[in-house]
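Undergrad: Chains as they are written, first to last, in this note's numbering: chain A, 1 to 286; chain B, 287 to 539; chain C, 540 to 864.
Among these hints, one or two may not hold up.
To be verified - Here are the simulated DSS-like cross-link-like pairs (lysine-lysine), alpha carbons at most 25 Å apart as the crow flies: (1) B:Lys408 / B:Lys454; (2) B:Lys408 / C:Lys550; (3) C:Lys848 / C:Lys861; (4) C:Lys853 / B:Lys435; (5) B:Lys408 / C:Lys553.
What the hints assert, rightly or not - Which residues of chain B face chain C? A few of them, derived with a C-beta cut under 7 Å, are: (6) Ser357; (7) Ala361; (8) Pro373; (9) Ser376; (10) Ser399; (11) Glu419; (12) Val429; (13) Val453.
It is worth saying that the hints were derived from the structure and are not from the lab. We put the CB at the ideal spot given by N, CA and C, even for glycine.
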Amino acid sequence: MVSEVAPHLVNVLMLSSIYVLAALGFALVFSVMRIMNFAHGAIYMAGGYICYYFWVVFGFNPWASLALTMLVTALFGLFIEKFGFRPFQLDFEKAIVMAIALVIILQTAANLTVGPTVKGLPSLLTTVIGVGDVMLKADRLVVLAICILLLAALSIFIQKSKVGQSMLAIAQDRDAAALQGINTNRISALACAMGCGLAGLAGGLVGSVLVLHVGMSNVILVKIIAVVIIAGIGSIGGIWAGGLILGALDAVGPYVLSAAVSDSLGLGLIILILVIRPQGFFGQEV
Amino acid sequence: MLLETNGLTKYFGGLAAVSQVDMSVDGGQIVGLIGPNGAGKTTIINLISGFLRPSRGSIIFDGENITGKKSHLVAKLGIGRTFQIVPLFSEFTTLQNVVASFYISADSSLWGSIFRTSTYRKREEYILNQAEENLQLLGLDKVRDELAKNLPHGYQKMLGLARALAVKPKLLLLDEPIAGMNPDEINLALKAIEQVRSQGVTILLVEHNMVVMSICDRVIAINYGRKIAEGSPEEMKKNEDVIRAYFGGEYAT
Amino acid sequence: MIRRGFFTNKKAVKMASCAGLIILLCLAPLFMGSYSLHLAILVLMYIILTSSLRTIYISGQLSLGHAAFVGIGAYTSAILAIRLDWTPWGTILLGGLAAMVAGILIGFPFSRLRAIYFAMASLFLGIMITALIAVFPELTQSYTGLMNIPRLFGFPKEPYYYFFLGLTVLTLFVLYRIEHSRVGMTLKAVAQSHLAASSIGISESRARILALGIGCFFAGLAGAGYAHYSTLIAPTDFALMPSIYLLVYLLVGGTGSFAGPIVGAIVLVLIPYLMGGFKGFAPFFLAGALILVIFLIPQGIVSLPDRTKSWIRKLHKRRVSKSAS
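Chain A with its partners taken away, still in its complex shape (with noise of 0.2 Å):
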């Protein structure tokens, strides 16, 4: 019996820590400078496709390619938050639509240049471990690993550090946080940056556990935003909560139910939750 659910539950596990990862990002991005980044998803598709080019187009060491495609897309996050974010701060609507903007410039890109064809990364160790009875993909732990690591160094880091703490200020007033000297640019371009970055590593995991395929930046961010609206908009505990939740439905879902319902279910669920208690049930009212 644990033989079985053991692996289910790895699963689970791995894509809510993905989900979580992802939508870590968005909300970073989010609570710092109160813009939905649409263009997250796309972000992360294009993380994935990045570290494809350095892994296996220029066969870097795996490890590196994840950590380059973090700093690619994170420098991307910076370039964006510059041009195309700043300008638009107190104007949600415009800065919905620059994101817009930018999800079709590399949806498009994707498409052209790799096209429909599905792409994989090689797993990132083909060990399976073997604990008792149960068969585990060592990568899968691997992933589900990293995800944990690096979501307890944003924690600390946002709790111990100045930088951290000094986002959290701008979260909660940004007006006031500029008062008292904290530099509310660099600060967003480091939350937008940091975002970004996080999201390119999601991109790259996934690609090395599952598959990349052009149509994976829209799939994500309707999880991503699911996520963010079980959780709460302005809530990053939260995410963990609607990480699970929803890596729970998406993984377990498709086996019990057939795929289109369980995928129908689970929109309708957010809808419901939408309607009923839109700040989420860790969350403030925007």
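With chain A fixed as given, assemble chains B and C onto it according to the hints.
TA: Below, chains B and C alone, put in the same frame as chain A:
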């Protein structure tokens, strides 16, 4: 009695913003509602006009129990109101703001709008004439084509009043209607309020300004959400509870 | 808005030019080949879709799932025609009505949501409706698409062109009348201040539901018409990106005026086809137009004539004051 509240109570969390308020307003009167900042006067207005739901108590208007009815239904029943901070249709002109406010008098059917039936056209013409009259009454005709968001503060408050009148109210709830107006505007507003009263509209007026209180037939004093006194304006000026409530320099004479 | 007596002249000019334009459009097929006709049909359809999206927009609701309602219309009409053998002329109307009913039903819970939550909810709704199509594969053939939908006419494109032309004229007439009337004023009032609107007797949710019903009706109608023209529809035609594209057409054209969505649809639908071999790069152009608009011309393409006029006036003033000094 046009308006009657019984035991009107509103809790926000554990705090009673309004507590056991019994009041009545007779048709044709101007009744004033006074009290220091935070006493609960605006909350009472919000409760009567349906923008807030009472926690307890009842509101009877013109013989009908309107407790808990939604704001747009209350407006349709004949209660108009102004707001302290005027919510405007900012992209509409002054004239359009008032024309829009004659919603209750208009033909809002899709059929009428698409095919411009004679009912629709007659009503719109009537509304346009009435709107122009209202603007003239309140001195807004010179800015009739100005975008509402560009109006200076005093004019915006006038516009709020013009909008409330468009509802053809039996009862008009005025929440600090002259706050922020200059003396000329105040005169104009007071004249308009008198004229409106002479046309048979009952008025419940929330104000700080004691001079304005003098136009009221009766005054009700509120403090900490409770009614503390009631009487004619002269009586209230001498009432000890009222003076104590205002102690601390809350009001301007 | 209410037009007074002395505007009659302007109105006559407007009506005359509209009539003239319609006559020209009726004669156009004489000069157009099959491919151009197809393009024209597409443009007409997108004019209807984008304009109907704007009707929802002016009530203060940003719908990110509009394409899904187009899909409801298309699938309803197609399935009824295939399964029950009803004539497309009837099923198209039913498709529009189905989309309208869906919009109204959605409106009940959604019309209480604030702007940003409504946007998100509509996003998820659009995706959910597309996913639901795959839940009933016996009816809809799921992701492979529904084929062999009965045609409205024969094979030549001319009748379809006239059909869509008529539909577009009808739609624009109704939407124009609605916007410039009491109903339109009520919708715009709700968008600007729901507090002020309720204080004058307007029910915010009723107005927003009305906007949704109207917008979704025409979207479904156009979608159904399209189904019986192309004979093939698939869920991806009505998914997230198509909804986003409709929004882009609206924003680039300009949300502030009735002509905005029309201009946006014409420009942004035609350009990719005019790019010939570079069609794949067309979305870059779209994104570029979008970025250009939000930075430089926030009110959209449709505001360009007015902006250039005031820019020229400013230049002229500066020149006059320079020469005077």
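Undergrad: Quick check: which numbered hints come out false for this structure?
TA: 11, 12
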